[in-house]
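K.L.:
First to last, the sequence lines map onto chains S and U.
The numbering of the first sequence is our numbering, which starts it at 1 and goes up by one.
The numbering of the second sequence is our numbering, which starts it at 1 and goes up by one.
In short, the hints are calculated from the structure, not lab data.
Misleading hints may appear alongside valid ones.
[Said to hold, decoys possible] Where chain U lies over chain S, by a calculated footprint (3+ residues, C-beta under 8 Å):
1) 39-52
2) 121-135
3) 147-157
4) 162-176
5) 376-390
6) 438-449
Since the structure is predicted, the reported quantities are computational estimates derived from the model, not experimental observations.
All C-beta atoms, glycine included, are put in the ideal place defined by N, C-alpha and C.
Listed here are the chains, written in short residue letters.
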Amino acid sequence: MAGPRIVVVGAGPAGVRAAERLVESGLKPIVFDEACSCGGQIYRRQPGSFTRSYAELYGADADRAKSIHAAFDRILPSVDYRPNTTVWNISGNELFTAADRQGRVVEFDAAILATGATDRMAPVRGWTLPGVYSLGGAQIALKAQACGIGSKIALLGTGPLLYLVACQYSKAGIDVQAVLDTAPLPAQLLATRQLLAKPGLLMRGVHLRLRLMSKGIPVHNGVRSPEIVGPERVTGVRWRGADGTSESVDADAVALGFHVRSEAQLADLAGCPFSFDEQMRQWRPDCDATGRTPRPGIYLAGDCIRILGGHAAEIAGRLAAISAMADHGIVTAAREAAVLTRRLRSYQRFQKALTNAFPWPEAEIRKLPDDVIVCRCEAITAGELRKAAVVMGAAELNRAKAFSRVGMGRCQGRYCASAAAQILSDARNLPLEAVGRIRTQAPVKPLTIALERVES
Amino acid sequence: MHTFGPGPLEPPQFVRVGEKQRQPVRIVVNGQSVEALAGDTVLVAVLTTRGSLRRSEFGDGDRAGFCLMGACQDCWLWTSDGRRIRSCTTTVAEGLSVVTHPPDNIWPAPA
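Chain U on its own, in the form it takes in the complex:
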């Protein structure tokens, strides 16, 4: 199972520059509660609290999204019940629970 790397992946990648008075919304990222704001995309909710979104499946390190307009597919996360979401075009909802690695056993493990 992939997890975030230590040290260098802090501090968060994104910084909020306004619109901070919105209603708080709590989501769960890798089992930990994270406070987001109403209207945030899941990508923003994660990247305002951490340094990356997921690990590349091809061994070249962590990724934190790229195009932010639903075209590059580099920001995929998974809901805890195993659904894949494109985090730049998914809006947060109270109680949404996401994981930053594919659910276990989604593909057969290589022998």
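Here chain S stands alone, though its shape is the one from the complex:
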């Protein structure tokens, strides 16, 4: 093909809109998707043998989900779509993929990374028991498989997803025992005014809460010292209320999550610099409002930069596509880019308010007992990590990882690194940003040793 080769990694809202914009300008991008069909996690498609309607599956987002799927179906003849394909490394201007047992190396001139996000986790006692799932996972069970994670569930953590998943489970006829939010109610009330940056989304949140009330589902705010009770599988949750009283509910499953975190590993491997986001209390790749990074040829879009959600990801996807094309002399579209950039701004204000309303539970992690598991891959405890920090002298996350193995397991730090950084900074009495972040290592997902290199 003549002209620059532009590739898109991910086929969620950002990836689909990026690919669509490239096709509009006559390009034929390669789109890599780890899933078997487009939509990403938020608009994940159910298998072909399922029959539920869009309204049933996606609720208030039905039209958006339909529009994303339809957009991708429409451009499918004009893209080189590679589903079930993991991009596991980027080096220079080459991208390394694995599909089944076949490995390929794909050269690119511009890569738009739209790799999304996963649940951000804070460990609690009992979180490795069978029956505990990430909030996103609990939603996937329902949406993509028409299954509940249990018949009597509790939801624990913080963030808007807590309330959404609670409503979705209740609607599906599953007994929702309690919603346990570590965010104190005053923080949420204080943030209400800022949340008016997106009145529609704020109303949706209020509506979810009212629906839980009308169903008689208890919502507890300011939950402290939560513990998931076993011994061999989930039997309930214990916690202390905002006023210190002991409380508990019975449950055979728990959905756990503390907002979401960016999947920015490929941006890291590609050489994008990262900065500490004081408000979100985590590192994120440097990227301007138009999706450009300081690393030529690498563009970012959607939640892999910072968590603005699915609606904003669609805008960011188009913007990144325009930026990539403009830098390669294909289009300018300056006006379109300016409009999209302006539209993104209100989401940024909304996201800041959300972070205030559902803060990362630093105090809870600080007082986590030594025997609680932090690394679920290898069952390594908070005490072992603190020992690496204090006794063995690790003042930085990668060193603590080498000493304790926290972050070295097969999830590669996705589910422990946020909390591990917090524990390390507390143990060493350092600011969170001073302990750094886990350096990404390729492959970003485990590969089979039987991977055979084939020519692309």
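For chain S, the structure is supplied; the task is to place chain U on it using the hints.
P.N.:
Okay, now just chain U, sitting in the frame of chain S:
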């Protein structure tokens, strides 16, 4: 060889809430025939019939998956011919045979 624990690992972890009219697909789990439905992931096929997927290699009990989106790697199973699969992203196929423990002799046994 690890097997499922008794008692507490029943009943199944997952409950089906709809889409039950799909074509049945038979798979084999630890040598026993299990009825799944077309479009099920292997994880769903196993957890609608049992309470967990596998035992943690680090002595902290059984696991039943966690993220369901291919990120945590906590749902690994093995095909009977020794291939590792991520059960949350693998779809069932008629006759698929899986085991919930690593194949024997995959690693040298500790002395």
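K.L.:
So, for every hint listed, does it hold in this structure?
P.N.:
Outcome of the hint check:
Residue count for the stretch 39-52 of chain S with a Cβ under 8 Å from a Cβ of chain U: 8. That meets the three needed, and the coverage hint holds. Using a Cβ-Cβ cut-off of 8 Å, 7 residues of the stretch 121-135 of chain S lie near chain U, which meets the minimum of three, so the contact claim holds. Coverage of the stretch 147-157 of chain S by chain U holds [criterion: at least 3 residues with CB-CB distance below 8 Å; count 5]. For the stretch 162-176 of chain S, the stated coverage by chain U holds: 3 residues have a C-beta nearer than 8 Å to a C-beta of that chain, and at least 3 were required.
With a cut-off of 8 Å between beta carbons, the stretch 376-390 of chain S has 4 residues touching chain U; three or more are needed, and the interface restraint holds. Check result for the stretch 438-449 of chain S against chain U: holds, 3 residues qualifying (beta carbon to beta carbon below 8 Å, three or more required).
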